[in-house]
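Participant: Residue-level listing of the chains:
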Amino acid sequence: MSGPDAAGRRVSAGTRATVLGVAVLVVAVLVGMLVGPVRIGAANVLRWLVSIGDPPPGMSEQQALILGDLRLPRVIVAGLVGASLAASGAAYQAVFRNPLADPYLLGAAAGAGLGATIAVAYGPSGAIELTVPASAFVGALVGVGLAYGLGRSTLGGRSTASLVLAGVAVASFLTAVQTFLQQQRSETLRQVYTWILGRLGTTGWDDVRLALPSVVLALATMWAVRRLLDVIEVGDLEARSLGLHVARLRLVVVIAASLATAAAVAVAGLIGFVGLIIPHTVRLMVGGSYRSVLPLSMLFGASFLILVDTLARTVVAPAEIPIGVITAFVGAPFFIAVLRRNRRAA
Amino acid sequence: MFATEPGDLGSSLEGLGITALQLDAAPNLDVAYDQIEQLGAATGHVDESAALVERMRSDIQGLVDGADPATGVSFYFELDDTFYSVTSKTFIGQLLRMLGLENIADAVGKGSGGYPQLSAEYIIESDPDLIFLADTRCCGQSLETVSRRPGWHELSAVTRGDVVPLNDDVASRWGPRIVDLLRRISDAADSAEANAA
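Sequences listed follow chains G and Y, in order. Residues 1 to 346 in our numbering are what the first sequence lists, from first letter to last. Residues 347 to 543 in our numbering are what the second sequence lists, from first letter to last.
If you're looking for bench data, these hints aren't it; they were derived computationally from the structure. Note that the structure is a prediction, hence the values are computed from the model and not measured. You may find that some hints are simply not true.
Pulled a few chain G residues facing chain Y out of the computed Cβ check, cut under 7 Å [stated by the list, open to error]:
(1) 37
(2) 41
(3) 128
(4) 187
(5) 191
(6) 204
(7) 235
(8) 238
(9) 319
(10) 331
A few chain Y residues that don't get close to chain G, going by computed Cβ distances all over 12 Å [what the hints assert, rightly or not]:
(11) 359
(12) 366
(13) 405
(14) 426
(15) 451
(16) 462
(17) 473
(18) 481
(19) 487
C-beta atoms are modelled at their ideal positions from N, C-alpha and C, and glycine is treated no differently.
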């Protein structure tokens with residue numbers, strides 16, 4: 001009678017991890033709101049949060065502005081981006097059955113880079129803060145669309161390898177076009193690169209509005225099919241024999257993950273490592289089932305990026321460190337520590 | 347003439363029999379003056395370059411003398427729209443300090459190389475009297491785009507209109523046109539002081 005027992009333990013481990021994930025997210029949001037280059041008393045911040053943005057007596061207009069217009073949208077965007085990258089990474093790893101798959105695998109990053117470059121070089125200069133993310137968003141989707149189309153048609157593939165190869169080819173091509181345009185308009189170089197390095201430093205409610213609909217739609221889709229990811233990971237043949245429409249499911253998951261990645265790249269630039277380390281860390285915590293891995297990746301991805309962004313704006317305050325630098329700097333040793341601990345426990 | 351030596355450019359040109367002059371980015375005004383004179387000597391315009399340096403010296407001295415060192419007018423100098431700025435250790439930063447202006451980026455400690463990326467929260471808290479935009483060409487910035495940024499519409503410099511667009515190229519070069527740039531900055535400082543009063 002070990003079956004129900006084992007299932008019971010698995011459910012409780014998953015539940016415990018979910019409770020932990022929610023708790024960590026709450027703590028991360030609080031830390032993100034309380035800590036910053038400008039010191040605002042903890043009691044005042046908490047009162048401001050509880051009264052939903054109504055400045056308590058004793059808080060300056062400036063402090064209320066910093067909390068409401070800068071810190072809160074930045075925490076929300078960091079959370080959305082972290083959740084998107086981690087969940088997309090997990091989803092790509094499932095449908096491509098490749099533990100090294102990351103959200104930028106299918107040309108989303110290269111497409112976004114090209115989109116941003118076109119907006120900087122040829123777009124109207126007056127509204128660049130809106131045209132660049134919007135164009136990057138479209139570019140990311142076009143990049144993935146091209147890779148998917150090429151992988152399916154030209155390389156004749158239903159196999160995952162042909163898709164990945166198409167992704168590599170499309171990414172190289174789009175990057176070449178981007179480099180050519182930058183050579184033509186060398187004055188765009190600096191702006192494109194600061195954008196690529198990560199833009200959470202300029203985040204506001206416009207970014208929340210841009211990212212939120214796509215992220216919610218994409219995460220809800222991935223969450224809805226999380227059980228099927230367990231089946232697809234076994235193998236295309238096996239999944240098909242179980243009655244699953246593998247190609248259609250893969251397409252749905254790729255669209256959802258790419259939508260989330262495009263939204264993340266559009267508002268935050270390229271932030272590496274999150275899509276790899278978060279899903280793998282979650283797997284080490286709760287095992288390989290996507291029923292747990294996907295939702296927990298969202299929770300821990302959001303918390304991770306909120307905390308890392310808090311570091312980015314406080315470690316050398318009043319200056320900032322590009323967030324991508326810290327995700328790798330903190331992420332790599334953290335990941336190694338988790339791996340080591342896990343090996344010792346096993 | 348070249349400003350950056352990637353390794354063997356000078357020796358290669360020499361090997362080809364091409365006369366070359368290396369003029370690195372000037373860290374301060376004195377080096378900039380020296381370089382103008384070197385360039386004059388190399389191109390056979392010794393007198394003209396000496397006269398140019400003399401005119402620059404006296405123009406800049408005039409602007410510095412005319413500046414009130416105790417105005418306490420603070421400024422934020424923007425290099426791009428992700429808030430990269432300059433401290434007083436840089437060439438342009440030194441010029442601004444000569445006019446008695448207070449640079450909000452100087453609060454950043456060592457290690458930024460003189461070009462720190464400032465946090466938006468800090469800029470809002472500092473509420474500078476003046477904002478100089480050296481990103482009008484690269485990044486299309488203006489009073490209008492600055493006032494649309496989250497939280498920036500309440501800044502004193504924005505509400506009073508003391509946001510000064512500069513030519514990015516002139517602001518990052520150490521040539522004679524730096525005098526025109528300084529004059530523009532000096533005028534803006536005077537008007538910001540009057541607006542703040």
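Participant: A separate judgement is required for each hint: does it hold in the structure or not?
Facilitator: The hints, checked one at a time:
no.: 1; hint: 37; in the structure: 4 Å, holds
no.: 2; hint: 41; in the structure: 14 Å, violated
no.: 3; hint: 128; in the structure: 5 Å, holds
no.: 4; hint: 187; in the structure: 6 Å, holds
no.: 5; hint: 191; in the structure: 5 Å, holds
no.: 6; hint: 204; in the structure: 3 Å, holds
no.: 7; hint: 235; in the structure: 46 Å, violated
no.: 8; hint: 238; in the structure: 49 Å, violated
no.: 9; hint: 319; in the structure: 4 Å, holds
no.: 10; hint: 331; in the structure: 21 Å, violated
no.: 11; hint: 359; in the structure: 23 Å, holds
no.: 12; hint: 366; in the structure: 23 Å, holds
no.: 13; hint: 405; in the structure: 29 Å, holds
no.: 14; hint: 426; in the structure: 6 Å, violated
no.: 15; hint: 451; in the structure: 8 Å, violated
no.: 16; hint: 462; in the structure: 4 Å, violated
no.: 17; hint: 473; in the structure: 7 Å, violated
no.: 18; hint: 481; in the structure: 8 Å, violated
no.: 19; hint: 487; in the structure: 8 Å, violated
Of the numbered hints listed earlier, those contradicted by the structure are 2, 7, 8, 10, 14, 15, 16, 17, 18 and 19.
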